[in-house]
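As they're listed, the protein sequences go chains F and Y.
Numbered according to this note's numbering, the first sequence terminates at residue 521, and the numbering increases by one at each position without gaps.
Numbered according to this note's numbering, the second sequence terminates at residue 372, and the numbering increases by one at each position without gaps.
It is worth saying that the hints were derived from the structure and are not from the lab.
Misleading hints may appear alongside valid ones.
[What the hints assert, rightly or not] One-sided and incomplete, this derived list gives chain Y residues near chain F with beta-carbon spacing under 8 Å:
#1 ARG194
#2 TRP201
#3 THR315
#4 SER320
#5 SER326
#6 ARG329
#7 PRO332
#8 VAL333
#9 ASP348
#10 VAL350
[To be verified] Calculated cross-link-like contacts (lysine-lysine; reagent style DSSO-like; alpha-carbon spacing at most 27 Å):
#11 F/LYS160 <-> F/LYS176
#12 F/LYS18 <-> F/LYS176
#13 Y/LYS331 <-> F/LYS93
#14 Y/LYS178 <-> F/LYS81
#15 F/LYS176 <-> F/LYS257
#16 Y/LYS253 <-> F/LYS18
#17 Y/LYS296 <-> F/LYS18
Glycine included, C-beta positions come from ideal geometry on N, C-alpha and C.
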Amino acid sequence: MINENSLKLMENPLREGKRIGRAPEPVAMVIFGATGDLTARKLVPALFSLAVENRLPPNFRVIGFARTPWTHEEFREEMRKGVKEHGRYDPEKDRAVWDSFARNFYFVPGNFRDDADFAKIDDLLHQQHRDLEIPDNRVYYLAAPPQFFDDIVTNLGAAKMAENTHDGWRRIVIEKPFGHDLESAHQLNRMLHNVFDEKQVYRIDHYLGKETVQNILVFRFANAIWEPIWNRNLVDHVQISVAESIGIEDRADYYDKAGIVRDIFQNHIMQLLTLVAMEPPVAFQADAIRDEKVKVLRAMHPIPIDQVRLDSVRAQYAPGVVEGKRVTGYLDEEDVPNTSTTPTYAALKMNIDNWRWQDVPFYLRSGKRMPTRATEISIHFKQPPHLLFEDDSDEDAELRPNVLAIRVQPDEGIALRFEVKAPGYGTQQRSVTMDFRYGISFGTTSLPDAYERLLLDVMLGDATLFAREDEIERAWELIDPLLQAWETDAAPPLERYEAGTWGPVGADQLMQTAGRHWRRL
Amino acid sequence: MSMPQTSEPVAVNIGEIRSQLRAMWASEAMHQDAVIRASTHNLIVFVADHAAAEETTQRIIELTTDRPGRVILIDVEPGDEDRVDSWVTTYCRTVGKKQICGELITLAVRGSLREEIHSTVISLLSPDLPVYLWWTSDLNANDQLFGRLSQNADRVLVDTSLFGSDAQGLSEVAILPKELPTGDLNWARLTVWRQLLAQLWDMGTLQQPLRTIQSIEIEYAASNKHQDGERALLMTGWLADTFEWELASAQRKIDGGYVAQWRKGDWAGQISLIEARRTDLPSGEITNIHIEAGQKAPFVRPRLFLNADLGCIETITSDSEDASHSMCRFKPVSISGALAEEIDLGYDPVYRHALNRAVEILTACGKLEDHT
């Protein structure tokens, strides 16, 4: 197989200096499942933002592939509507850019199972390569349902469209779910590797494209003050919370099979956890960072079956009120069987058995129909060893421990809570927060969407923000035994929580038994 | 944006200024649910021409509502009486649930106190934040105030389009000490054009021809003959530095603009800077770049041109029928936008190289002698 490095164009001397950012080489993005929601809601709006901000290469092309018999024109029009509704930029206001961008959209109707249809894509791309005299670089984006991944990948291999050639490189992007258990994740990786080299595979987890998630590494490793305290000596525990106010919307079929653990824990929460807990990488390079993330996962162990009842909580939402609207319970959602035991909320206590984190529990929680949408990582520091300042007005006064909170969304930022003396003649202390917010400090009205960053990285060949095969499989090795235990008598009871609340009683008890409590989001 | 609050002018008193700021933020907080302020920098602005102070203040407010920080404006007022008055202005802009606030301290200086104002300015800086000095009038490296303020600044920002002529602007910046990290708002205005030229190289097929450019024409909007070419000259300097061209000769054209001949080994090429009378664009704005490149015919002729009606720059990769066309959004970069880019992206050594090469052309034309 040809190594991508041998295909690199000569270094561009016109890009020297700080002002002109990295830009990809000419490339075509082939979207399999281009008529689906993801393409119109996320992918094309993100690509259009890159076009407006002049980050796309010349001759950037999109080839949509799906069964629907759209023409090129229909494809362009559907995408224009998608961008209008979901994009950061309005295609009507940036009409000239849109026209120039959309002119390079093509649609190939076809069947994922028909290799002859793949040849049509290949012919089109070869022709463009010859006519435009540009490299034949390709990104294959699997925006189709996972049951078609095998057909698409196999046909790409059969049509000899997967291998890097002297004319250009090939990369493939796949969306989660990366399997529904360890065995299926293995199968998926085997299937991909039958055709693609691991270095060609980009597994997208849009959480990693978020500005604050990327900032975790900068915050930890570009500031000398955190590393000395970022360990078991001063950290009491860590909380990672992913709360969603929405329910399952129209995804009952997928969600009832997946549940909250497969949907959020196996991927997003594990990614956040590894970034918070990892050791400093030897370099800011994809494999150096991913190596450290995998080491964290290897230092973790599945919750033992006899601990599952103590260290895990599962629950389903009951009817309630969210953001001022009355909502139904999970079992009353359309297409959800009324006997379903699929959890829509979970809380776990996990440990990392290494020098840095021994005996520091990581509390992980995620739920649907919570009061608000919020994702946060909070580092809870230990109490000072001795309470020096007595509060005359409160005999039971306790110092509140310092908390460093990294808000992933919304209101991206970092806050540090600490104690100060309240003004006055006594020595009463109060907690105050030092608050950094991206929007306020950088004046940005809207941060780039995660997909913008990630799509650009794929085109640039930077895999730092993408999950590697061993990360995915190790995360399943941790999660799978829990899901299996939840199918047995060892499982904790399936609790109910009222929609619009912060979860079931059991989740609070999980913390209270250790004298802790969840941070209010 | 909430209405800016401005205090009454008082004779300068550091404690008083600070207490006014505290009072104004407290009052702002009483009218809003909460005022969360962040500050990312100090910006010292020097305005020698009092008539321009109001306009400059507007640009500062535009900047600070996007890049929160403390601005200290030194406004030199006419008059011989030695006196410094000061007043403070606070303003906030709400974006969704976020509020971005800035504060402006104006020091109106008269008489000989202009030379002494630096100590007041320095005592008013927010501690431990980067300090930018934006000098809006003619530069003189021997100016005592400039020297003292720039010593305390992390960066000096100028706008070479505000000086008397292109020759004056570029040459004055070029003679500043090399160790003074200087930024030019005109450099920020060139970013989009430089980016588009870089993209031509990315196309692969144009890499070889671009190594042997036969000729480049850079057209720019001009209102006064031989006065608005700063950006075109910087662009030329940048290309010359990037491709390691040696200047063979340069002339001013009678009808405005410049022409320069370059050499690299046994290759020779020419750059023409052409003035275009355009009333719809700010002076100095680049409007067209035409390139003819390749070692022998047929040459490739990529071109970039500004379509002001569409608000776009169009790139056409060659003059053949199957040339690729692409459009890029274009909006003239405002002063506050250029300041923001300079603050965000920091010192760019590439600018200094481009500037030196641009000044080489002016020297060869004899313009610097005229100017000095």
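Now for the hints, and whether the structure bears them out:
Look at Y/ARG194: its Cβ gets to within about 6 Å of chain F, closer than 8 Å, so that hint holds up. Interface hint at Y/TRP201: satisfied, since its Cβ lies 5 Å from the closest Cβ of chain F, which is below the 8 Å cut-off. A distance limit of 8 Å between C-beta atoms decides the matter here; for Y/THR315 the minimum to chain F is near 7 Å, and the interface restraint holds. The beta carbon of Y/SER320 comes no nearer than 10 Å to any beta carbon in chain F, farther than 8 Å, and the hint placing it at the interface is violated.
For Y/SER326, the shortest C-beta to C-beta distance to chain F is roughly 5 Å, which falls under 8 Å, so the interface hint holds. Contact between Y/ARG329 and chain F, as hinted, is supported at the beta carbon level, the nearest pair being about 5 Å apart and thus within 8 Å. Checking Y/PRO332 against chain F by beta carbon gives a least distance of about 15 Å; that is not within 8 Å, so the hint is violated. Using the Cβ-Cβ criterion of 8 Å, the hint placing Y/VAL333 at the interface with chain F is not satisfied: the shortest such distance is roughly 12 Å.
Interface hint status for Y/ASP348: upheld, as the beta-carbon distance to the closest one in chain F is roughly 5 Å, under 8 Å. At a threshold of 8 Å, the smallest CB-CB gap from Y/VAL350 to chain F is about 3 Å, leaving the interface hint in force. A threshold of 27 Å between alpha carbons decides the hint, and for F/LYS160 with F/LYS176 the separation of about 25 Å falls inside it, so the pair holds. Pair hint F/LYS18 plus F/LYS176 does not hold up; C-alpha atoms about 35 Å apart against a cutoff of 27 Å.
Between Y/LYS331 and F/LYS93 the CA atoms are separated by roughly 13 Å; this keeps the pair inside 27 Å, and the hint holds. A C-alpha spacing of about 52 Å is found between Y/LYS178 and F/LYS81, which places the hinted pair above 27 Å, so the restraint is violated. Straight-line distance between C-alpha atoms of F/LYS176 and F/LYS257 comes to about 14 Å, which keeps the hinted pair within the 27 Å bound. Straight-line distance between C-alpha atoms of Y/LYS253 and F/LYS18 comes to about 34 Å, which puts the hinted pair past the 27 Å bound.
Simply put, Y/LYS296 and F/LYS18 have alpha-carbon atoms about 34 Å apart, too far for the 27 Å limit, and the pair is violated.
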